[in-house]
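*Asks:* Sequence:
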Amino acid sequence: YENWYNVRAYPGENGIAVYFQVTSEQKEAEKELKRYAESQAALVREVNHRVKNNLAAIQSLLNIERQRAAMTENAKYTETVDILRARIRGLSTIHSLLSEAGWKPLKVETVIRRIINASMEGVPENTHFTVHQQDESLTVDSDQAHHLALAINELVTNSFKYAHSTNENAPLEISVEIHPYDHNLCIVYTDNGPGFPPEVIAKPSTAGIGMELLHGLIQHSLLGSVKLDNNNGARITLEIPRHIAGGEESR
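In terms of the working numbering, the sequence shown opens at residue 61 and continues consecutively.
Hints are computed from structural coordinates only; laboratory data are not their basis. All residues carry an ideal CB built from backbone N, CA and C; glycine is no exception. None of the hints are false.
Derived DEER-like restraints, expressed as beta-carbon distance ranges:
(1) D195 x N292: 24 to 32 Å
(2) T190 x A89: 48 to 56 Å
(3) K112 x G276: 24 to 32 Å
DMTMM-like mimics (lysine to aspartate or glutamate), calculated; alpha carbons at most 20 Å apart, straight line:
(4) K167 x E299
(5) K164 x E98
(6) K112 x E160
Let's have the full structure, built from the sequences with the hints guiding it.
*Replies:* Structure (C-alpha cells):
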C-alpha cells in the first residue's frame, strides 16, 4: 500500500519488521510545510536582492556626490563623502557575504578578509594585507558578523586616511591576527603608518566619530574591549567574549 512504509529495525535471528502508516492528512501537511519553506526561501532571496540593490543605489548616489565634491575642491566635504562611501561599501559587502552563506555562522577570518578586500578596491597597488586565524573554530553569527565587519571597515578606512596619506609612495602594510585568548576572541590589527598620537591613545574619543563608532560596535554591540597603542605603526587590539563571538564555548 502506498501509505505504508516497511522499516527493518533491531535485526535479530529472525528479524523484526516495524510498519508505520502515514495517513493522507499527514502527507498533505508535509506537502504544505514544504511549500511554506520554499515560499519563505523565495521571500528571503527577494529581500536580499532588494537590500543589495538599495545599497548599490545609495553607493551610486554617493559616487555622483563625490564627483561634485571634487569639482568644488572642498577637501572636507570630499573626505566626508568618501567616509560615507566606505561605510556603505562595508554594509553591502557583509550583506552579500551573509546572503551567500545563507545567514549561517562564518569564520572570523572570512569576514575580515572580505571586508579588507572590498575596502582596497581602487586604492594604490602598493597596499598589502595579511589575515591569519589560529583557531578554525572561531566563528560569528550573522548579527555579530555585521558589527565586526563595520568595525574592521572603520580600521581600514583609518589606515588609508592616516597611514597611507602620510607617504603615498610607501607601501601600506596591514596585518590582522585572530586567536583565542583566555575566554575571549582576540583580534590584533596593525598598520605600518605613523601610529596614534599620545592624546588619542589616552582618550580615543578625540580621534573623531570613526573611533567612537568603533568603540560603540565593539563595546556595546559585541560586549568587548578596544585597546590602542603603537608598535612600528598603529596597533588596535579587539577582545570579544567567546560566548558572544562563537567557537567551542558557544556551542
